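Peer 1: Here are the chains, one letter per residue:
Protein chains: 2
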Amino acid sequence: MTTTIKVIKIGGKLIEDEEKLSVFLDDFAALEQPKILVHGGGNKATEIAGKLGYETKMVEGRRITDENSMAVITMVYGGLLNKNIVAKLQKRNINSIGMCGADGKSIVSKKRPVKEINYGLVGDIEKINTEFIWELLQQGIVPVFSAISYSETGELLNTNADSVASEIAVALSSKMVTELNYCFEKKGVLANIADDDSVIPEIDKNKYSELLEQKIINEGMLPKLHNCFQALEKGVEIVRLGDMSLLKPDSVHTKIVK
Amino acid sequence: MTTTIKVIKIGGKLIEDEEKLSVFLDDFAALEQPKILVHGGGNKATEIAGKLGYETKMVEGRRITDENSMAVITMVYGGLLNKNIVAKLQKRNINSIGMCGADGKSIVSKKRPVKEINYGLVGDIEKINTEFIWELLQQGIVPVFSAISYSETGELLNTNADSVASEIAVALSSKMVTELNYCFEKKGVLANIADDDSVIPEIDKNKYSELLEQKIINEGMLPKLHNCFQALEKGVEIVRLGDMSLLKPDSVHTKIVK
Chain A
0 MTTTIKVIKI GGKLIEDEEK LSVFLDDFAA LEQPKILVHG GGNKATEIAG KLGYETKMVE
60 GRRITDENSM AVITMVYGGL LNKNIVAKLQ KRNINSIGMC GADGKSIVSK KRPVKEINYG
120 LVGDIEKINT EFIWELLQQG IVPVFSAISY SETGELLNTN ADSVASEIAV ALSSKMVTEL
180 NYCFEKKGVL ANIADDDSVI PEIDKNKYSE LLEQKIINEG MLPKLHNCFQ ALEKGVEIVR
240 LGDMSLLKPD SVHTKIVK
Chain B
0 MTTTIKVIKI GGKLIEDEEK LSVFLDDFAA LEQPKILVHG GGNKATEIAG KLGYETKMVE
60 GRRITDENSM AVITMVYGGL LNKNIVAKLQ KRNINSIGMC GADGKSIVSK KRPVKEINYG
120 LVGDIEKINT EFIWELLQQG IVPVFSAISY SETGELLNTN ADSVASEIAV ALSSKMVTEL
180 NYCFEKKGVL ANIADDDSVI PEIDKNKYSE LLEQKIINEG MLPKLHNCFQ ALEKGVEIVR
240 LGDMSLLKPD SVHTKIVK
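As given, the protein sequences belong to chains A and B, one line each in that order.
Counting in numbering that gives the first Met the number 0, the first sequence runs from 0 upward without gaps.
Counting in numbering that gives the first Met the number 0, the second sequence runs from 0 upward without gaps.
One chain only, chain A, in its complex shape (with noise of 0.2 Å):
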């Protein structure tokens, strides 16, 4: 065990290539305990319900949930995708349970009240249960969470995964070093969105400041990078952005600090 817990967040599309996941979880699998990764699967959830005839709603690039998108999350998040990365860890002799929040009432949310978008099943997240997560890292177990919160109401709610990664990591900062990962697309912030070679390895306070009103970073990133400052804010010590390279040792990536 070392002393900093790892929350590493995958994005959908790596997890839907067979062959780029299996190198990412030999990456993951080498690096030490304590450590949690938590996914989404989006794409393949689209899939799927396509394939049962449920239309997948989007309103400005968000997933409307309805009863049916509910229940193919639940399938596809909670179960395929879930179940078959714990099947890969336990091979590469990593001990891991898959969850999602309703086990161990391990993240609790609350619908998201209807506004001028009625979002259906999503859920903000409003409390990790941070000793039963705690309780298993310290047996030596790896969780893996999907991207299904649980509503004191009974219910499961699809939660963004980003915020279901820096939440867990917020909560377990209050008990040892954390660092919070997130691999996506790119290798990490970029000076010049159509170089993907302009990777900004550090990104501080100061730093953020000076590249929005430069006004470098793109859209997309704002919220991911707001997001990220509002972990380190609330204790996470590092947020790391990178492609699927991200844990090797020698990846290029960007480092957010505060």
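You may find that some hints are simply not true.
[What the hints assert, rightly or not] Within a straight-line C-alpha distance of at most 20 Å, the following computed SDA-like cross-link-like pairs (lysine to any residue) qualify:
1) A/K90 / B/N128
2) A/K43 / B/N67
3) A/K43 / B/Y53
4) A/K110 / B/V107
5) B/K90 / A/G52
6) A/K50 / B/A193
7) A/K50 / B/K223
8) B/K257 / B/S244
9) B/K114 / B/R62
10) A/K186 / A/G153
11) A/K109 / B/T55
12) B/K126 / B/I116
13) A/K50 / B/S250
14) A/K90 / B/K223
15) B/K19 / A/E154
16) B/K43 / A/G52
17) B/K43 / A/L51
18) A/K90 / B/I237
19) B/K126 / A/N92
20) B/K43 / A/G234
21) A/K90 / B/V107
22) A/K50 / B/K109
23) A/K247 / A/K110
24) B/K109 / A/M175
25) B/K19 / A/G153
26) A/K50 / B/G52
27) A/K43 / A/A28
28) B/K223 / B/A193
29) B/K109 / A/N94
30) B/K90 / A/K90
[What the hints assert, rightly or not] Listed next, with one range per pair, are the computed distances between beta-carbon atoms:
31) B/K257 / A/A29: 49 to 57 Å
32) B/E115 / A/Q138: 37 to 45 Å
33) A/E130 / B/E151: 29 to 37 Å
34) A/L51 / B/E209: 47 to 55 Å
35) B/E218 / A/N42: 44 to 52 Å
36) A/Q138 / B/S173: 40 to 48 Å
37) B/E218 / A/L51: 33 to 41 Å
[Unchecked claim] Here are some of the chain A residues that sit facing chain B, going by a computed Cβ distance under 8 Å:
38) N67
39) A70
40) M74
Think of the hints as simulated: they come from the structure by calculation, not from any bench.
Small disclaimer: the values here were computed from a predicted structure and weren't measured.
Ideal Cβ placement from N, Cα and C applies to all residues, glycine included.
Following the hints, position chain B against chain A.
Peer 2: Frame of chain A, contents of chain B only:
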């Protein structure tokens, strides 16, 4: 905590009827801990497979599990049904975790060898991770298992839910007095298959031999009863067979003893 572990297996027909399931889970929630729930979900899997355009192949009443079938089983048993049961139990203040055999390497199996029939991705249980399950029970957690096991080759395998329940019960009987409960469509073992009220209240080995000689037990019950006696031989104290009212204090059912 009582001094008896109750392992309860529920059949597919019960699990897929929202109203019946709700009543059953009320009864399950009312039982003293420690307790474990085991479920399958074959009908729902067949339904979803059909909608996805996958053919369900059966040979001699048994499902042939190809890759597509296994994906559906992982979605339906491991995700949809399992996570919804966990959410419903949390609503009833029962702190549960939904798992398959890969989680915590709790149910390790071996792929069934190909003889006359190739059953595909079907596993026969070799080992239960007793210490892991025992640890969860000690923490006051109720494990909910879907009928999926894990093979050391890294695969998820479809596994008979009755066997999952009995193997878990046998394993835990080394720790504490263990009671195995099978909830199915009938009120118990019937003396007359045409009369649902002809429940035989208790069957021991002698009575079993008698019933076999008199050819009173219908064919469908034979493998089930054989399993029950095997579980008793291996350490389980009592096996109870009944319908969805089995967990009610005054239920009519069949008790199987050594």
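Peer 1: Give a verdict on every hint.
Peer 2: Okay, the hints, checked on the actual structure:
1. A/K90 / B/N128: holds (16 Å)
2. A/K43 / B/N67: Judged against 20 Å, a Cα distance of about 14 Å means the pair holds.
3. A/K43 / B/Y53: holds (17 Å)
4. A/K110 / B/V107: The given pair, whose Cα atoms are some 38 Å apart, is violated under the 20 Å limit.
5. B/K90 / A/G52: This hinted pair is violated, its Cα atoms lying about 31 Å apart.
6. A/K50 / B/A193: violated (42 Å)
7. A/K50 / B/K223: violated (37 Å)
8. B/K257 / B/S244: violated (24 Å)
9. B/K114 / B/R62: Roughly 16 Å between the alpha carbons, so the hint for B/K114 and B/R62 holds.
10. A/K186 / A/G153: violated (39 Å)
11. A/K109 / B/T55: violated (39 Å)
12. B/K126 / B/I116: violated (24 Å)
13. A/K50 / B/S250: At roughly 43 Å apart (the allowed maximum being 20 Å), B/S250 and A/K50 break the hint.
14. A/K90 / B/K223: violated (33 Å)
15. B/K19 / A/E154: Judged against 20 Å, a Cα distance of about 18 Å means the pair holds.
16. B/K43 / A/G52: holds (16 Å)
17. B/K43 / A/L51: Judged against 20 Å, a Cα distance of about 13 Å means the pair holds.
18. A/K90 / B/I237: violated (36 Å)
19. B/K126 / A/N92: It holds: about 17 Å lies between the C-alpha atoms, which stays within 20 Å.
20. B/K43 / A/G234: violated (44 Å)
21. A/K90 / B/V107: Given pair A/K90, B/V107 holds - Cα atoms ~12 Å apart, limit 20 Å.
22. A/K50 / B/K109: Distance of about 32 Å is beyond 20 Å: violated.
23. A/K247 / A/K110: Not OK: A/K247 and A/K110 at ~37 Å, beyond 20 Å, violated.
24. B/K109 / A/M175: violated (39 Å)
25. B/K19 / A/G153: Roughly 17 Å separates the two Cα atoms, so the pair holds.
26. A/K50 / B/G52: Within the cut-off at roughly 8 Å; holds.
27. A/K43 / A/A28: violated (24 Å)
28. B/K223 / B/A193: Roughly 19 Å between the alpha carbons, so the hint for B/K223 and B/A193 holds.
29. B/K109 / A/N94: With a Cα-Cα distance of about 19 Å, the restraint between B/K109 and A/N94 holds, given a limit of 20 Å.
30. B/K90 / A/K90: violated (34 Å)
31. B/K257 / A/A29: 49 to 57 Å: holds (50 Å)
32. B/E115 / A/Q138: 37 to 45 Å: Once the Cβ atoms are compared, 43 Å apart, the range 37 to 45 Å for A/Q138 and B/E115 holds.
33. A/E130 / B/E151: 29 to 37 Å: holds (32 Å)
34. A/L51 / B/E209: 47 to 55 Å: 51 Å Cβ-Cβ, so the 47 to 55 Å window holds.
35. B/E218 / A/N42: 44 to 52 Å: At 47 Å between Cβs, range holds.
36. A/Q138 / B/S173: 40 to 48 Å: violated (20 Å)
37. B/E218 / A/L51: 33 to 41 Å: holds (37 Å)
38. N67: With a minimum Cβ separation of about 11 Å from chain B (threshold 8 Å), the hint on A/N67 is violated.
39. A70: Nearest chain B Cβ about 6 Å off; hint holds.
40. M74: holds (4 Å)
Hint violations for this structure: numbers 4, 5, 6, 7, 8, 10, 11, 12, 13, 14, 18, 20, 22, 23, 24, 27, 30, 36, 38, all remaining hints satisfied.
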